[in-house]
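**Student:** Same order as they appear, the protein sequences are chains A, B, C and D. Numbered according to the numbering used here, the first sequence spans residues 1 to 332. Numbered according to the numbering used here, the second sequence spans residues 1 to 332. Numbered according to the numbering used here, the third sequence spans residues 1 to 332. Numbered according to the numbering used here, the fourth sequence spans residues 1 to 332.
Be a bit skeptical, because a hint or two may be false.
Partial list, computed: chain B residues near chain C (C-beta under 7 Å) [said to hold, decoys possible]:
hint: 1; residue: Asp124
hint: 2; residue: Gln209
hint: 3; residue: Met280
hint: 4; residue: Thr285
hint: 5; residue: Gly287
hint: 6; residue: Asp294
hint: 7; residue: Ala305
Just so you know, the hints here were simulated from the structure itself, not pulled from any lab data. Backbone N, C-alpha and C define an ideal beta-carbon position, used for all residues, glycine too.
Protein chains: 4
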Amino acid sequence: MTGDPDREEFTHDPVEHMQVRAGMSVGELIDEYGTAGIGAADLHEAVDIYAEMLAGDEVTNFVGLAGAMVPAGMRRIVTDLIREGHVDALVTTGANLTHDAIEAIGGHHHHGRAEGEGSLREHDEQLRDEGVDRIYNVYLPQEHFTAFEHHLRDEVFPELTGSVSIQTFTDALGRANARVNETNDIEAEAGIAAAAAANDVPVYCPSIQDSVLGLQAWMHSQVTDFTLDALADMTGLNDLAHESDRQGALVVGGGVPKNFVLQSMLVTPHSYDYAVQLTMDPEHTGGLSGATLDEARSWGKLEKAARNATVLGDATITLPLLVAGALDRLDR
Amino acid sequence: MTGDPDREEFTHDPVEHMQVRAGMSVGELIDEYGTAGIGAADLHEAVDIYAEMLAGDEVTNFVGLAGAMVPAGMRRIVTDLIREGHVDALVTTGANLTHDAIEAIGGHHHHGRAEGEGSLREHDEQLRDEGVDRIYNVYLPQEHFTAFEHHLRDEVFPELTGSVSIQTFTDALGRANARVNETNDIEAEAGIAAAAAANDVPVYCPSIQDSVLGLQAWMHSQVTDFTLDALADMTGLNDLAHESDRQGALVVGGGVPKNFVLQSMLVTPHSYDYAVQLTMDPEHTGGLSGATLDEARSWGKLEKAARNATVLGDATITLPLLVAGALDRLDR
Amino acid sequence: MTGDPDREEFTHDPVEHMQVRAGMSVGELIDEYGTAGIGAADLHEAVDIYAEMLAGDEVTNFVGLAGAMVPAGMRRIVTDLIREGHVDALVTTGANLTHDAIEAIGGHHHHGRAEGEGSLREHDEQLRDEGVDRIYNVYLPQEHFTAFEHHLRDEVFPELTGSVSIQTFTDALGRANARVNETNDIEAEAGIAAAAAANDVPVYCPSIQDSVLGLQAWMHSQVTDFTLDALADMTGLNDLAHESDRQGALVVGGGVPKNFVLQSMLVTPHSYDYAVQLTMDPEHTGGLSGATLDEARSWGKLEKAARNATVLGDATITLPLLVAGALDRLDR
Amino acid sequence: MTGDPDREEFTHDPVEHMQVRAGMSVGELIDEYGTAGIGAADLHEAVDIYAEMLAGDEVTNFVGLAGAMVPAGMRRIVTDLIREGHVDALVTTGANLTHDAIEAIGGHHHHGRAEGEGSLREHDEQLRDEGVDRIYNVYLPQEHFTAFEHHLRDEVFPELTGSVSIQTFTDALGRANARVNETNDIEAEAGIAAAAAANDVPVYCPSIQDSVLGLQAWMHSQVTDFTLDALADMTGLNDLAHESDRQGALVVGGGVPKNFVLQSMLVTPHSYDYAVQLTMDPEHTGGLSGATLDEARSWGKLEKAARNATVLGDATITLPLLVAGALDRLDR
């Protein structure tokens with residue numbers, strides 16, 4: 001028993017014990033998380049950093065969005081962040097843009113059932129027969145892809161000729177989504193790409209080929225001179241990284257969006273000053289999706305002095321908490 | 001494209017998109033989770049079920065509490081649930097009872113740093129030299145174990161002679177914790193075992209040997225006739241299961257507490273009518289900690305008609321959400 | 001680009017690239033793992049350490065065995081390790097002892113199907129109706145539990161009266177399992193408890209109540225003076241820890257067996273000199289099951305100089321690799 | 001106890017118990033896995049399917065390779081599969097191609113240390129100062145990127161003008177890697193891209209921008225008319241899918257390579273007849289990386305009758321086992 005009870009390092013910052021009650025606000029809950037350990041402490045730190053990233057205009061915010069975030073119901077949160085000026089560049093997947101457009105033109109995803117790997121595969125075979133695609137516990141009737149194909153053919157492709165950047169394509173898609181949306185609240189319901197187009201926020205999609213959106217683009221390229229330039233967007237993203245004063249990264253999920261956001265600093269004199277990631281991938285996979293933000297520091301993607309936090313867990317639970325908590329801080 | 005757009009199964013329950021805002025309440029956030037998919041939907045369902053479990057006096061609530069929940073700052077949430085009458089039996093670990101008692105007698109855990117498996121082991125060696133135990137990102141100076149030893153010797157063991165049930169021991173511990181607590185808010189700060197003792201809630205600890213509390217009990221048994229009966233508690237737990245009308249299980253973490261709660265139905269004519277589990281273990285480990293509640297149905301631990309939900313994620317994040325959300329429902 | 005290409009730390013130990021071929025031995029495969037990174041490197045290190053633990057008689061080997069290792073087909077590997085003198089004390093779960101005995105008396109587990117959490121719960125309901133218990137993708141017809149009950153009543157309980165240690169009970173179980181086994185290869189097929197009893201290896205089961213074995217023991221205690229002493233076994237385990245010269249821990253899965261093995265050093269002047277753990281729990285859960293062995297160093301459970309390795313992955317894949325690889329080393 | 005012991009479904013396929021011994025072959029180990037449950041059973045099934053995919057010339061094999069497989073030492077296994085005619089199309093990441101080229105031109109990765117998320121970030125800061133990039137537990141001195149830049153400038157870019165397909169670029173890279181390699185065993189050491197180029201195996205890299213290789217391509221595009229066409233490769237991949245008789249997918253890791261392989265069937269009348277995936281992502285993330293192959297069935301990416309297996313675990317451990325096991329089967 002050699003401990004020195006007076007050593008400040010081990011005695012100055014006690015874990016307190018969270019209290020919860022009926023009627024408490026999300027802001028209060030986040031404050032309570034700050035008193036606790038393990039992941040709760042990480043979530044509190046992430047809110048603290050994200051609020052600092054969003055306060056004022058000083059920080060240029062890069063957002064990476066991977067995973068089935070639109071099918072899972074996170075579309076409006078991202079749309080609102082864009083509309084409120086909290087996103088300066090968005091890197092996402094072709095899948096999220098596909099599902100965002102399907103909702104913009106009136107389609108819907110539906111609550112369904114998840115099936116385990118070893119489970120009754122008959123269930124997925126039955127869905128196949130009935131023309132329903134499954135995304136974990138979300139269903140999407142396949143006829144929506146037909147409507148999406150018509151939307152691209154009628155509203156998006158006519159605007160585009162020759163070799164264009166992917167961002168030019170996502171911008172045209174966003175404007176078309178807004179144009180055809182028929183809800184009462186077009187501004188909110190037209191979705192992510194529409195909000196980005198309306199607010200001059202570039203949407204980058206470096207692996208666009210890997211999606212139904214990419215397959216449709218390829219089919220269109222087979223019968224016209226249209227194609228997509230894989231490299232052109234890097235100029236815009238790198239310029240933004242170069243010209244900004246302070247840089248922040250919000251990374252939801254891993255994959256290409258995560259690294260594409262982080263690597264944008266490699267060809268600038270800057271590194272990220274702030275970074276928050278929400279992921280379900282632990283670091284021991286050795287993959288980029290689960291890699292720690294400290295590892296990114298060794299590459300020079302993050303400043304040595306950067307504030308950063310990683311929250312391990314389902315982003316459909318943690319993203320709403322993070323955003324509600326940070327908005328609450330801004331409002332205080 | 002063979003889908004029938006009119007098939008109700010695939011069109012009646014659209015995924016809506018969560019909205020968050022500054023100042024929203026946790027209750028509102030939980031409602032929003034209910035519109036989304038993947039884990040958010042599971043969390044919403046869990047709140048719905050837990051609120052039904054807590055409403056009225058009809059359901060007898062069994063709680064399993066594993067993991068480092070006390071060092072991580074969840075002590076007050078469990079204490080308050082007990083004080084509000086929401087726990088009829090608690091199954092937990094010797095570690096949680098040890099750390100609960102350390103806080104009751106004035107000790108504190110402290111925010112520290114986590115170290116990765118492959119990381120600078122020098123850091124843990126240094127902690128060793130300085131007499132500080134690490135629990136992920138929480139530190140505990142070892143001298144608190146000396147104080148705990150004195151507490152047991154002076155306040156708890158004198159009450160116990162011969163072979164007693166483990167629950168008798170935890171009850172004596174709880175009363176001693178309350179007796180010596182010197183805070184202004186003894187009722188709240190004396191902690192889990194104290195609240196349970198004050199409210200006649202039995203605390204079961206089937207693997208008590210596997211903890212510092214168990215080591216101390218063993219050392220005391222070496223010099224007196226004191227010992228603990230491993231089987232005696234099963235009578236009380238099984239009687240409670242037998243005599244209750246409707247049964248609900250809240251399982252936080254896996255391990256022994258999870259199965260000990262679930263198996264209590266195997267020797268009764270009942271099975272659980274409700275079950276909610278918060279776990280970080282996925283089912284594909286094949287272990288009991290990650291096993292689905294459907295699997296428990298095959299064993300007859302859950303009623304075929306039981307409502308159940310599993311939320312995969314860090315319980316330091318999800319337990320406060322679950323409890324705050326359920327209390328909010330009760331209050332509406 | 002500030003790197004110093006001559007810095008030895010970064011240039012002396014190149015990752016080579018694994019080669020595999022038809023007909024290669026497991027020993028050769030393990031050697032190849034040693035050239036690679038991420039988890040392969042950890043597995044190679046684990047084999048290296050485990051081989052050193054098994055070589056000669058110098059190291060006293062404590063084995064913790066959690067998880068559904070018997071239903072999953074790992075029973076013979078553990079049995080053979082015991083028979084070959086590679087286990088000095090075994091800490092396991094009541095479930096593993098229950099399923100070990102079921103196989104000893106002629107029962108079998110069967111390959112079945114896993115079901116996802118959100119999956120067709122009708123499948124588990126059907127299993128319930130048909131009297132089949134599911135353990136992930138393994139099935140066990142419930143009538144085997146009736147046979148097990150008879151076995152305990154006829155062969156085990158008659159040997160035991162009054163309050164006995166849990167190890168006394170597992171020893172009687174092991175001898176009974178050997179006695180009734182009717183296979184041609186009784187020594188191998190009678191299983192883990194039988195091999196332990198035959199080789200004077202103590203089997204500890206600190207959470208025995210948490211199993212069908214524990215439920216049966218409790219039912220027997222209701223009608224006789226039989227009961228189990230929860231603390232008695234700690235004397236034997238701690239004495240073994242105290243008296244041994246060098247200590248090694250093999251920890252398969254986490255849970256109570258892991259910590260009970262590790263904490264046995266807390267009341268001795270020793271700490272483990274070697275430790276290998278196979279687990280699916282990452283450290284960020286904050287729980288003991290996923291806690292790193294470095295964390296155990298802060299508590300004094302491991303020597304500061306101890307060699308240790310953690311392999312993250314399914315123990316049904318990694319345990320056979322580890323054991324085959326270590327035996328191969330001993331044989332070279 | 002309602003089980004019918006004669007029901008064949010529950011009694012015909014007993015779990016046997018694995019045996020391991022010194023000197024056993026990997027082929028024998030795989031056979032043993034087949035007797036066990038949980039993940040061992042999945043690995044055995046995967047070997048069985050993969051051996052069937054590789055036997056004869058009937059099956060066209062698409063391989064997706066994500067994750068840090070080259071830094072982790074899996075480069076030679078993939079190279080050899082290509083050279084032996086077991087790969088008909090490879091989809092991988094820019095990172096794997098970057099690191100493959102670095103080794104081809106004489107660079108090496110080195111065994112280093114992993115650091116936990118919450119760990120001493122000073123360590124990564126120090127690596128930054130010393131010019132060393134970290135990939136989990138693998139180090140790469142940054143000067144290798146300078147050599148890689150020169151390699152592209154001197155050997156690869158001069159061959160390419162105007163807008164070319166990504167596959168044209170990876171082919172030129174592979175030929176250049178072979179040309180400059182100075183080892184005694186050029187054919188093996190020149191690596192993945194070189195082996196693919198020499199064997200007319202197309203290498204697709206749909207998210208090439210997301211890598212140092214992509215950054216270099218972009219920088220070259222800034223000063224010449226060179227650029228990469230994002231869509232052109234889909235023609236070749238989809239034609240291969242269209243023209244083949246039977247299709248098999250081996251998916252290592254998730255990410256873009258996984259889905260790009262799987263979605264190639266969406267614009268053909270075919271679906272995969274065989275699929276094996278090695279992943280660390282569980283399905284409950286809701287993301288594509290962890291999505292089950294049954295889910296892919298609902299989309300029509302897999303045939304309803306397709307044989308498929310998923311092995312959850314570290315691919316640096318499971319890929320060598322899978323390939324060695326399958327090659328052994330072919331050799332029997």
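**Student:** Now tell me, hint by hint, if it's right for this structure.
**Tutor:** How the hints compare with the structure:
1. Asp124: holds, 4 Å
2. Gln209: holds, 4 Å
3. Met280: holds, 4 Å
4. Thr285: holds, 4 Å
5. Gly287: holds, 4 Å
6. Asp294: Since the shortest Cβ distance to chain C is 4 Å, the answer is holds.
7. Ala305: violated, 9 Å
The structure does not agree with numbered hint 7 stated previously, though it agrees with all others.
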